[in-house]
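Undergrad: What follows is each chain in one-letter form.
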Amino acid sequence: MKIVVLIKSVPDTASIFKVAEDNKFVVIGNPKFIMSPYDEYALEEAIKVKESVSGEVVVVSFGDENALEVMRTALAVGADSAILVENSDADSFTGKGVSKVLAAVIKTLSPNIIFAGKQAVDDDGCQVPERVAEILGISHASAVTRFELQGLTAEADREVEGGYCTMEITFPALCTVEKGINTPRYPTLPNIMKAKRKEIRKMTLEELNLSADDVRPGLTVNSISLPRQERLLKKLEGEIGAQVKQLTSILREEKIGL
Amino acid sequence: MDFSWSDDQLNLKESAIKFAKKELNNQLIQRDQRGVFSRELWEKCADFGVQGMAFPEKYGGINADILTTMLVMEGLGYGCKDNGLIFGINAQMWSVQMPILRFGSDAQKSKYLPNLCSGKWIGGHGMTEPDSGSDAFSLRTSAKLKNGCYILNGTKTFVTNAPEANVFLVFATVDKKLGFMGVTGFIIEKDFPGFHVGKPIEKMGLRTNNMAELILEDCEVPVENRLGEVGSGAAVFNDSMEWERSCILASNLGGMERQLEMCINYAKERKQFNKPIGKFQAVANKIVDMKVRLETSRQILYKVAWLKKTESQAVMDAAIAKLYLSEAWVKSCLDAIQIHGGYGFTTEFEVERDLRDSIGGTLYSGTSEIQQNIIAHQLGL
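These protein sequence lines map, in sequence, to chains A and B. The working numbering puts the first residue of the first sequence at 1, with every later residue one more than the last. The working numbering puts the first residue of the second sequence at 1001, with every later residue one more than the last.
In short, the hints are calculated from the structure, not lab data. Glycine is no exception: its CB is placed at the ideal position from the N, C-alpha and C atoms. Treat the hints with care, as some may be off.
Said to hold, decoys possible - Distance ranges between label pairs, derived from CB positions:
(1) B/Ala1107 with A/Ser54: 32 to 42 angstroms
(2) B/Phe1003 with A/Ile250: 47 to 57 angstroms
(3) A/Glu207 with B/Leu1010: 50 to 60 angstroms
(4) B/Gly1231 with A/Lys202: 55 to 65 angstroms
(5) B/Glu1348 with A/Ser249: 24 to 34 angstroms
Stated by the list, open to error - Pairs of lysine-lysine, DSSO-like flavour, derived with a Cα cap of 27 angstroms:
(6) B/Lys1291 with A/Lys32
(7) A/Lys196 with B/Lys1058
(8) A/Lys48 with B/Lys1022
(9) A/Lys198 with B/Lys1058
(10) B/Lys1018 with A/Lys198
(11) B/Lys1291 with A/Lys194
(12) A/Lys194 with A/Lys32
(13) B/Lys1109 with A/Lys194
(14) B/Lys1022 with B/Lys1120
Bound conformation, chain A alone (with noise of 0.2 angstroms):
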């Protein structure tokens, strides 16, 4: 069984960002890079399915070079191989041109399944991996929360409003996954010591054949802005028992201590 799985790297949540003065880019003051968390959840999971029947996990990146270590963490934790697109201007891509890059490696491998997280955490596109199943011809089943391998076919939950929907996937197909769907371990100091050894093949788009028309962007962002933060105040008044009585119709309401 051969398993893709595709990882982005994407700034630390804990890192500080700003807007820049133009209005249409991220600014970042203290570069750290991570795995998007939702990609955790998705190398975990080929990581399972290749411990139950036998096969190769390989990630696949579009990024420039911080997602060198990014890739580096995911062989640590037990891909086998890794390819990364590297290109400086990843940053600049959007979804249609990204998932036109992922692909094009993808045809390379012929994999079984592959499995992405279901959103990235920088951008929040939703878009790129069912994408790439478009571009691939191939199924997708999207935001799954178990995935069973049966022999040829695997089987698959989606949380719907109030239940499941439980799908019968055939191969080759893509998976996205939901957090939750497993709990992804953290790479050990052996692994990464072996990891170190482990290549990180790199591939530029024109040895995919793609020129920059094929991924030009088909949106521009106007403007970023950033989350309006208000702080309600709300004063109770009257005698302390009508006061008592707001509050706690108020935390009611809100929700708070439930």
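Assemble the complex: chain A is given as a structure, and chain B must be docked to it using the hints.
TA: What follows is chain B alone, placed relative to chain A:
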């Protein structure tokens, strides 16, 4: 002088912090109160690779150099508040695994190191006796060769990990008249005939690690379990103490950093007389002292680790590291409590446990006074 760490080294430290924070702090207040050792956490550390850090791959280790190992242990101490667990692992690594690696036969290394690195076995070190502590080589435990077996008789005390350990490095004398020249090391498995472990000894700190007495009553030890030559025990012991004194407190550096951050945060948030208490010099100066102790401890530790990496003798530097780091840890724990005021005295704030844990550092592997004696002796006094 290059003080920079490589990305790989920092990555290992970062991973150790994440692992420790996530896996090692559960139910710590309760475990400390009840004095409970967790085999599960010990094995988690082994699976993560802690016990094998500085040991060759062929024995199940990962062959990291000693400076990298110190950095990872520092990270572990930062993320893990369970000082007892980390202390027990350190005691095994430096005073059981390291002497077996450095003085053991191929058969001994192949038999014991993989089990200790993997966490399947736990190791203890038996030197101290009820009547010989600082004067270690005046030990009374005897070893007599009889019918191809050594017969050991005596009692060892304050043996870290003893209640749970599977294998022990025990020192005995083949002839008391020979003084330190008669001291010899033996590797004893817990199932050897005549070997008994006493009840765990209650103690004020490091309560999540157990220690006990070892009782040797005509304990039969095969000749092949002698560690090194007859009479080489003093050299083995001194070497293992040099490693232990150099490295055992690395995790406390992490603890000191964790504690410093906690105190800074508290001093910024806690307001008295309409301003954060950190704005009062009496409080700020204590935090400054903690920071200075942390940084000086760092330089001392890295220096001795660098010396050990270069295979240099480090008798004096090991004693300085042991003396300075252990005393600095106690002083910073006291400052941390004082900065937290009454809250620091409570169990819930978890600073009082650090203080109780820190005291042991001034006693094990040679008291602070013995370290001072070693340094004085090295200075020709």
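Undergrad: For the pair supplied as a hint, A/Lys198 and B/Lys1058, is the alpha-carbon distance within the 27 angstroms limit?
TA: At roughly 20 angstroms apart (the allowed maximum being 27 angstroms), B/Lys1058 and A/Lys198 satisfy the hint.
Undergrad: Check the hint pairing A/Lys48 with B/Lys1022 against an upper bound of 27 angstroms on the C-alpha distance.
TA: 21 angstroms, holds
Undergrad: Has the given pair, B/Lys1022 with B/Lys1120, been kept, meaning a C-alpha gap of at most 27 angstroms?
TA: 22 angstroms, holds
Undergrad: Is the distance from the Cβ of B/Gly1231 to the Cβ of A/Lys202 consistent with 55 to 65 angstroms?
TA: For A/Lys202 against B/Gly1231, whose Cβ atoms are near 59 angstroms apart, the range 55 to 65 angstroms holds.
Undergrad: With 50 to 60 angstroms as the target window, see if A/Glu207 and B/Leu1010 comply at their CB atoms.
TA: Distance hint for A/Glu207, B/Leu1010 is violated at roughly 32 angstroms.
Undergrad: Would you mind confirming whether the straight-line C-alpha gap from A/Lys194 to A/Lys32 stays at or under 27 angstroms?
TA: 23 angstroms, holds
Undergrad: Regarding the pair A/Lys196 and B/Lys1058, is the alpha-carbon distance no greater than 27 angstroms?
TA: The hint holds at about 18 angstroms.
Undergrad: CA of B/Lys1109 to CA of A/Lys194, is that 27 angstroms or under?
TA: Within the cut-off at roughly 23 angstroms; holds.
Undergrad: Need the status of pair B/Lys1018, A/Lys198: alpha-carbon distance at most 27 angstroms?
TA: Holds, because 23 angstroms separates the two Cα atoms, which is no more than 27 angstroms.
Undergrad: For a C-alpha distance cap of 27 angstroms, please report whether B/Lys1291 and A/Lys32 respect it.
TA: Holds. B/Lys1291 to A/Lys32 sits at ~25 angstroms (cutoff 27 angstroms).
Undergrad: For the range 47 to 57 angstroms, tell me whether the beta carbons of B/Phe1003 and A/Ile250 fit it or not.
TA: Given about 55 angstroms between the Cβ atoms, the range holds.
Undergrad: Do the alpha carbons of B/Lys1291 and A/Lys194 lie within 27 angstroms of each other, as the hint requires?
TA: Violated, at roughly 36 angstroms.
Of the hints listed earlier, those the structure fails to meet are numbers 3, 11, in rising order.
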